[in-house]
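J.: Protein chains in written order, with the numbering used here: chain H, 1 to 690; chain F, 1 to 690.
Just so you know, not all the hints are guaranteed correct.
When the alpha-carbon atoms are kept at most 25 Å apart in a straight line, the in silico DSS-like pairs for lysine-lysine are as follows [unchecked claim]:
| no. | chain 1 | residue 1 | chain 2 | residue 2 |
| --- | --- | --- | --- | --- |
| 1 | F | Lys224 | H | Lys315 |
| 2 | H | Lys315 | H | Lys109 |
| 3 | H | Lys247 | F | Lys210 |
| 4 | F | Lys665 | F | Lys565 |
| 5 | H | Lys218 | F | Lys247 |
| 6 | F | Lys218 | H | Lys224 |
| 7 | H | Lys218 | F | Lys218 |
| 8 | H | Lys224 | F | Lys247 |
| 9 | H | Lys247 | F | Lys211 |
| 10 | H | Lys210 | F | Lys218 |
| 11 | F | Lys323 | H | Lys224 |
| 12 | F | Lys550 | F | Lys478 |
| 13 | F | Lys109 | F | Lys320 |
| 14 | F | Lys224 | H | Lys320 |
| 15 | F | Lys524 | F | Lys682 |
| 16 | H | Lys218 | F | Lys224 |
| 17 | H | Lys3 | F | Lys320 |
| 18 | F | Lys109 | F | Lys128 |
| 19 | H | Lys3 | F | Lys334 |
| 20 | F | Lys224 | H | Lys224 |
| 21 | H | Lys3 | F | Lys323 |
| 22 | H | Lys3 | F | Lys224 |
| 23 | F | Lys320 | H | Lys224 |
| 24 | F | Lys247 | H | Lys210 |
| 25 | H | Lys247 | F | Lys218 |
| 26 | H | Lys323 | F | Lys224 |
| 27 | F | Lys264 | H | Lys3 |
Hints listed in this document are in silico derivations from the structure and should not be mistaken for laboratory results. Only a predicted model underlies this, so the values are computations on that prediction, with no experimental measurement involved.
Protein chains: 2
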Amino acid sequence: MGKCIYHPDRETGYICMKHNIYLCEECLKCRDPDIYCKFRPSCPIHFISKKGFKEPEIEAAQKKHTVVFEPGHQTIRVVEGTSLLTAAQNADVYINASCNGKGACGKCKLIVQSGRVSGEGTALLTDKEKEKGYVLACQTIIQDDITVRIPEETLEKKLKAAGMGKAATEKLMGLVDKIEPLVENIPLQLDLPSLSDTVSDLDRVRRQLKKAGYDISKMSTNIKVMRQLAESIRNDHFKVIASVLWKICSAEIVAVLPVHEARKSLGLAIDLGTTSIVVYIVDMADGAVLSATSAHNSQAACGDDVINRIICAEKDGVNKLKKMALSTINNLVKEAIDSIHADHQQIENIVISGNTIMTHLVLGIEARYIRREPYIPTVTEFPILKAEEIGIRAAAHAGVFVMPGPASYVGGDIVSGVLYTGFYQHQELTLFIDIGTNGEIVLGNNEFLITAACSAGPAFEGGGIRWGMRAEDGAIEKITLTPVTFEPDYSTVDNKPARGICGTGMIDLLSEMLLKKVIDQNGKFIIGTDHPRYTLFNGEPAFILEFAEKTGLDEHIIFTQSDIKSLTLSKAAIYAGFNILLEQVGMDFSSIQQMIITGGFGQFLDIEKAVTIGLLPDIPREKFHYMGNSSVAGAYMALLSNTSRQKAVAISNAMTYLDFSTNTKFMEEFTRAQFLPHTDKKLFPSVHIN
Amino acid sequence: MGKCIYHPDRETGYICMKHNIYLCEECLKCRDPDIYCKFRPSCPIHFISKKGFKEPEIEAAQKKHTVVFEPGHQTIRVVEGTSLLTAAQNADVYINASCNGKGACGKCKLIVQSGRVSGEGTALLTDKEKEKGYVLACQTIIQDDITVRIPEETLEKKLKAAGMGKAATEKLMGLVDKIEPLVENIPLQLDLPSLSDTVSDLDRVRRQLKKAGYDISKMSTNIKVMRQLAESIRNDHFKVIASVLWKICSAEIVAVLPVHEARKSLGLAIDLGTTSIVVYIVDMADGAVLSATSAHNSQAACGDDVINRIICAEKDGVNKLKKMALSTINNLVKEAIDSIHADHQQIENIVISGNTIMTHLVLGIEARYIRREPYIPTVTEFPILKAEEIGIRAAAHAGVFVMPGPASYVGGDIVSGVLYTGFYQHQELTLFIDIGTNGEIVLGNNEFLITAACSAGPAFEGGGIRWGMRAEDGAIEKITLTPVTFEPDYSTVDNKPARGICGTGMIDLLSEMLLKKVIDQNGKFIIGTDHPRYTLFNGEPAFILEFAEKTGLDEHIIFTQSDIKSLTLSKAAIYAGFNILLEQVGMDFSSIQQMIITGGFGQFLDIEKAVTIGLLPDIPREKFHYMGNSSVAGAYMALLSNTSRQKAVAISNAMTYLDFSTNTKFMEEFTRAQFLPHTDKKLFPSVHIN
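In isolation and in its complexed conformation, chain H is listed as follows:
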């Protein structure tokens, strides 16, 4: 028996087995689209009553169809009228849908192989595609039993491993002086009870903890521990392992196990990115990273950027987004745990490092006020939680430290980055940038920290770019163009046939197009319309980067006027951000003693080319330091060390947040930076465009 999700005071036997939620009778009968009906169009809802299996009458009246997704043969029953995208989401079939079903990005392409569908035409598909049965999943309505094929370009590709465990161990081990886990496992030999020593089992444990030097006055005990305690302590002759969860200013005995059941205690460092999620499994005894995995955040089906995620949460409920993130995390945990032949019950320590919106959503916390003036987050500093409160695949009692963040648009991932890169402890003035979906900047040293987010947008991650994609297999990541012919020399991720362009490829391409005079400093095309690599797409000029016959695709890979504009806006936002932050403290780029670049994106960044297009400032190149995924590295430190956890809180509290959304100077600077490299040539003395 569970409690109704909308009326937590009501017990009910009605459960939707698909959504794993309970509904009371009232909600079950309710036709309010915010309550019951919102699950209806999309899900083959199964209600089960106390008396057995029951389909609500309102449901029975509706026609249902079977949808089969190939390859993989994933099958789902849906109500007639459901969109293909919704069906895919509910069948846990991942398909790319950057714009969250608005029909704008054209990425959710599927091929209908059999069965009848309806839907409007779209300009985002070529005639050739339409002939072959291509549709956009979000624009297509199911009218029949159908079979659809997910084409290569729509299928999720595994991200290049963010760094396997061994590499991560080499990079990170030794970063903390002393290992102080959230959940400490303390071996105890209890005194044997006798008629002259009849204290309770629990007091016997507490007495021994006190003898071992622990402050038991602040230590409470979980009721589950009390329930199993009598058996646990007698199971191995009063030799036990007591697990204590250390909270901010109290502690809780969360487990007591017979000593022979003790296993290696593991930790989980999670970088919860908007685009991708990285998970490290850490040996809590020595800090070795035993396994590392990463995958796309499956919330991406609700849109590429945080604003679309919030909108989706407002529409469909925050629980949907919570479950999506958890499903990615838990699949990664399973994969990582399986790879080392461990059990997820061994995970007793967890750190989550994510931006403020990601953190809200994964915890199921309302995020709608983050996108409304005055942009207030619900929570920025979190108590120590337990895995069971969140739903992470780990021991129920695992302690969870959520990285605190100073503001709505600068979150725990940035605090993690500052913690890991360590510049907050030194005198050198440092400019820190995390080029992910958001583009957060921190300026400061051991005396001050000022921070802002630039709303760089998803362009660098492939969003809003015709052939843009993430750094997956087949993504063009490095490019040079031969002068005059503009013949490209490029490499792709994993050397697979080109399928699109990722962020670093775009920077290379834009820089090359500028230097080789395909475009001018306004980003306008200047090559002849008769050049073999010039074409028109939807009426606007475009550059043919690769011809269809050289790719595995039916079409040329092109880079359009709009793509150039999107990329230019993104880089302008970041550069303007640097400028305003410096101005705020009365400095300029010459004061910068080091510039730290972090983020998954930065991994393959060509600094020189990034300066050429005006994304990074024209300062001595030796000042640039690429430090990889600093969010997961900071999470790793906080996982192992209480000092690091305390420092993270201190960093978050020390940060002054500057809001650009209401800053007119930022808008001016942003406009000035929409030139390649910049309106003010003096700012880029080393860039020569003639």
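Got chain H sorted already, so can you dock chain F onto it with the hints?
T.: Just chain F now, kept in the frame of chain H:
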């Protein structure tokens, strides 16, 4: 989806809707009687799988029958071979079963009206009864669809109200100086957020709490609060009520509600007795008792005394006993809450006062080692819990203080009694006795407290006595006998026709039989076998207290030689306990400055007659003070006052526990006291038996 009750690491879709437990596939298929099968004989088990309704095959092969209990027409499907007692327990039909199905007490009488049953004969039913279709539920096996009637004497009768709210208010209000609830509701007017004040919602609440003088450094926040916080604070223009649960050395924000949703905060004082449970609903603003209800602890179906309860928990799992106690508590809460037209969500404070075994069982804590040498309880001092962790009908976040107890056989109810009666604060040497099922004694003053339990047994509560019963309607509670004819003059509870004898009636009767020479000081019958009130029952002498024709029954109400023996053993155990406790500190009865008698039983006790049979010591009668149900009164104090809660812990820690079970002196004293009033006449100078 839930977790398997036996393998908490496994998620499963199989649920037994009757027992509300999840079982994994392995357990489902398992034929180990300790796992799956134990639910089978007794319950029409319904397993529901992800794919809909499913009956396990092992189940399908078994024949099932329908059992209808009248009056009430409660119906249940059971597997052939189930006993009638088990069927009744699973149908939540309360029937009296003092011996927990051993066939020894003869109390679980039912009348089979239709259908075939099997079972052995029993000497505990008269031929007349057998003719009418009477059976003992525990000895009767279901072989067919049957209808049974529960006769008057087996039906549960509501206890005389333990004192309505108003009377309780008069007695208790003003006992505490200052009201300090576990969950404090703090009204706050938050600052409105703006672009120049963008702290998070949670920090806004915490900041205001700090301004209001609260120490927020030790205050964590429940994740449920965080999830609803954004809406809650905006719902009534940033005017909120923050509810803070104060724990031993930390605090937790457990709710934040818009101020217009605030309602009267209620408290629940629970006296969790072995025999009966008393519940007070208290207004946390002023301490008024708004409602008071009581009922039998439905665990009584598993036996009258704590040892039988532990045995039952070992056999059927502690969860069964937990659910039984909770079902009684929650029904009482519903009744009490309904009577004042309130909502159980208003209950935010709870205190449970019970003996150590009751406390273990209601919390689902293993109790088996309590009955095995060296008699170790699992827990004696509890952290502050929440209602949702226990399953009490109240706000999920309601704080629960469980009265601590010093030892396995002296528990929180006695600490409650000491707290309420207050003698621990004064110099007067006090002997305290709670005559319930256990018979706990405390001797002491403001310098020392020594305590013991006498294992008085259930005789005073009607257990093991042929016509013994609780103080329910129709119980004979006061008796005098006319000399020679032994014509009784008696009164019954609620003046209903006599149905049996309760504890006070038995003391009166034994005293009268002794004084009027029905029996001698050994308890042996001395009246002539030809006396109209002399009879034989199962071959032993018995006294006819009332003839069948004067009762509503088919039989005479009698008092047998065995009944006299049982009662004598009980009183001897208590008196011996007094003696040993005094001896332990080098004192005797003359040192006693006051004697406090508490417990529901004591309510109608005739002190003079209790001295006559040697239950109470022969000391000046003005030293005796009857103080009613001190367990619920202590719970009431702890509910309202943190000082009282701290004092309760201090009392429990200060108590020295003496174990009689291994005390040879106790055995000697016990033997000496098995005479009426006592082997040593000098101890009872005022009792004249000639």
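J.: Can you give the numbers of the hints that this structure goes against, from lowest to highest?
T.: none
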